[in-house]
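**Student:** In order, the protein sequence lines correspond to chains A and B. Just so we're aligned, residue 648 is where the first sequence starts under my numbering, counting upward by one. Just so we're aligned, residue 648 is where the second sequence starts under my numbering, counting upward by one.
Hint data in this document are derived by calculation from the structure and do not stem from the laboratory. Note that the structure is a prediction, hence the values are computed from the model and not measured. Be a bit skeptical, because a hint or two may be false.
With a cut-off of at most 30 Å between alpha-carbon atoms, the simulated BS3-like pairs for lysine-lysine come out as follows [claimed, not checked]:
1. B:Lys935 / A:Lys888
2. A:Lys857 / B:Lys935
3. A:Lys949 / A:Lys702
4. B:Lys937 / A:Lys898
5. A:Lys935 / A:Lys956
6. B:Lys956 / A:Lys857
7. A:Lys949 / B:Lys956
8. B:Lys937 / A:Lys935
If you want a taste of the chain B side facing chain A, the calculated C-beta under 8 Å gives, among others [as the list claims (entries may be wrong)]:
9. Ala772
10. Gly781
11. Cys828
12. Asn829
13. Thr835
14. Val906
15. Gly942
16. His943
17. Phe945
DEER-style ranges, computed between Cβ atoms [stated by the list, open to error]:
18. B:Lys888 / A:Pro750: 46 to 56 Å
19. B:Gln954 / A:Ala695: 24 to 34 Å
20. A:Met958 / B:Lys669: 30 to 40 Å
21. B:His943 / A:Glu961: 30 to 40 Å
We put the beta carbon where it would ideally sit given N, CA and C, even for glycine.
2 protein chains.
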Amino acid sequence: MIIDIHGHYTTEPPAMQQFRDKQLAGLADRARRPLSSDLGISDEEIIASVQPQLKLQRDRGTDLTIFSPRASGMGHHVGTEAVGKEWTRLSNDMIHRICTLQPDNFVAVGQLPQVPGIPPQNCLAEMERCVEMGFVGFNLNPDPSGGYWTDPPMIDKYWYPVYEKLCELNVPAMIHVTGSCNPNFHATGAHYINGDTTVFMQLIQGNLFKDFPDLKFVIPHGGGAVPYHWGRYRGIALEMKRPELAQYLLKNVFFDTCVYHLPGIELLTSVIPADNVLFASELLGAVKCKDPDTGHHFDDTKRYIDQLKNMSEETRHKIFEGNARKVYPRLDAQLRKKGLAGRAF
Amino acid sequence: MIIDIHGHYTTEPPAMQQFRDKQLAGLADRARRPLSSDLGISDEEIIASVQPQLKLQRDRGTDLTIFSPRASGMGHHVGTEAVGKEWTRLSNDMIHRICTLQPDNFVAVGQLPQVPGIPPQNCLAEMERCVEMGFVGFNLNPDPSGGYWTDPPMIDKYWYPVYEKLCELNVPAMIHVTGSCNPNFHATGAHYINGDTTVFMQLIQGNLFKDFPDLKFVIPHGGGAVPYHWGRYRGIALEMKRPELAQYLLKNVFFDTCVYHLPGIELLTSVIPADNVLFASELLGAVKCKDPDTGHHFDDTKRYIDQLKNMSEETRHKIFEGNARKVYPRLDAQLRKKGLAGRAF
């Protein structure tokens, strides 16, 4: 079984974006606000909307995608707390409907109603609601300001209520920023990658997993710059009198494989232990086109992994399935309930 | 000849930091401000202060370091424009003295008196002054705010006066942030790397080198996250209908080798063309300790390059010397004047 742990719903029916536009228009002119959060999207429309993802699953030979709302669409920096709460609820409900309609292909991860400057206690009720609906994790935005980084670092106690809830619910967080309203940061080309790099370095500075030994973070986009600069991070940590990163952080921190060329995947899998790498493509995400040099899609990350020589069957299994079951225990439980027990290694 | 293009003066005599402290104390209490910018540092003290760098040059078999003031000490976000101007002048003067006293070991690169929110025209006079003293390049900070990124992106016309002057003077800029006053960003572990990644993505978005075909940027720290995510950047650029990055940016953009482990250097040199990689260590910089796994310093980047199999003698020469002469033409001219003509390839 091949589990892609990082997919976003980027093929929404137009009604969803129209609702969002009305919401934001309503901030300026109350008369324009949506009168109902019932989008009027039918089950058939939802099924039609995810056909591109299903085709890519078939074409590439993957089975299941951990699916969350469009990341750049979370827009935590946009509008008021009430607007964000409504938008989050609606976005998560849509993911829930997809996963209910196509339960063999999608498992749900939620966005949170974060607001810059507002302590994240406001997320706890939505976390509980989502997990009751079968969600297996959340995207947690380290910079709700959208590129100005005005909230405290993620090792600050400010964030602890969210971590307590994640542990209580036994779900991981993927550290994932939303769009950027700072013209310095292109969203998918700078802000996403910087967010990943920034949080990993914060984790070196703090000792978060001493307080939360069961908390699990997935750092997406191949860990930002971290594996490429693994020597720098090991060195900085050692100079701070921290233990080796492998002991200090890698029981709790995992990287996905959203790295869009073979040399990057080779580096990732040679530097980061096999237990900490989870297969992902970021479908349909940052880069949709084909590499003219290979004729294949940049984001067909399975191809890169398949090209790795000397990868043991055990490592392959961990990256494609085993680690996902370990990091997302509620996913594992759902699969087991369906009779998909997974391999024991 | 082996040229290290990225060294900072991080072993200043205490008088220099004491002056800075007085400057900043003077902002709060005018009575504390320094009464003279004469630091009273003797030539002997300066020579003594760079012995650690000279020892590392000898130990590692490098010849010449392109040397600039402590990057995190530039502090463009600290104090007033007048304070920054005085500090910049004094810091550059100190680099000039070092390079005059040890001309076979150091060549000067300057910092600029940048101030957040103040258009960079204020840097032009210092650029001229430094080049008259023999400087061969400048460190240009894309985020004078120190981690809040409040100035325009580097493709904005805001920056054009600096680019015009760089071209007129025939010197490159290393894109280098200073320290971070944003608690989210560790300086050397996040802010530096993010700065590199961010600016490269800005360059994809704009078409700066159409307006400045002779402008040259060095992106340090191995290009931030860029080479690791080269597929992502190629894909994003192609989706923006840009040409291939190799044609579009690599006549003007260069990466250094400040990547502190062998797999990172392998990736850098396999992904980025040999014409665009310049040897550097960031001495004495971000990571001073030894890798307990190898017993060697993390920042001994020459060792990693020396371990690369299948690197041609021509490529080695480019990385260690040829590219530096090409990107820093004033360095090449100085070396030729000394009878060090370099190899023709």
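**Student:** Against this structure, judge whether each hint is valid.
**Tutor:** Consistency of the hints with the structure:
1. B:Lys935 / A:Lys888: With a Cα-Cα distance of about 13 Å, the restraint between lysine 935 of chain B and lysine 888 of chain A holds, given a limit of 30 Å.
2. A:Lys857 / B:Lys935: Answer holds: lysine 857 of chain A to lysine 935 of chain B is near 27 Å, not above 30 Å.
3. A:Lys949 / A:Lys702: OK: lysine 949 of chain A and lysine 702 of chain A at ~15 Å, within 30 Å.
4. B:Lys937 / A:Lys898: holds (24 Å)
5. A:Lys935 / A:Lys956: Given that 30 Å is the threshold and the Cα spacing comes to 26 Å, the pair holds.
6. B:Lys956 / A:Lys857: violated (42 Å)
7. A:Lys949 / B:Lys956: holds (28 Å)
8. B:Lys937 / A:Lys935: violated (42 Å)
9. Ala772: With a closest approach of 27 Å, the alanine 772 of chain B hint is violated.
10. Gly781: Since chain A brings no Cβ nearer than about 32 Å to glycine 781 of chain B, farther than 8 Å, the hint is violated.
11. Cys828: With Cβ-Cβ at 11 Å, over 8 Å, it is violated.
12. Asn829: holds (5 Å)
13. Thr835: holds (7 Å)
14. Val906: Constraint on valine 906 of chain B satisfied, holds at 6 Å.
15. Gly942: violated (13 Å)
16. His943: violated (11 Å)
17. Phe945: Because about 4 Å separates phenylalanine 945 of chain B from the closest Cβ in chain A, which is inside the 8 Å limit, the hint holds.
18. B:Lys888 / A:Pro750: 46 to 56 Å: violated (39 Å)
19. B:Gln954 / A:Ala695: 24 to 34 Å: violated (54 Å)
20. A:Met958 / B:Lys669: 30 to 40 Å: Hint violated: Cβ distance 59 Å, outside 30 to 40 Å.
21. B:His943 / A:Glu961: 30 to 40 Å: Since the Cβ atoms of histidine 943 of chain B and glutamate 961 of chain A sit about 32 Å apart, the hinted range of 30 to 40 Å holds.
This entry does not satisfy hints 6, 8, 9, 10, 11, 15, 16, 18, 19, 20, going by the numbered hints stated previously.
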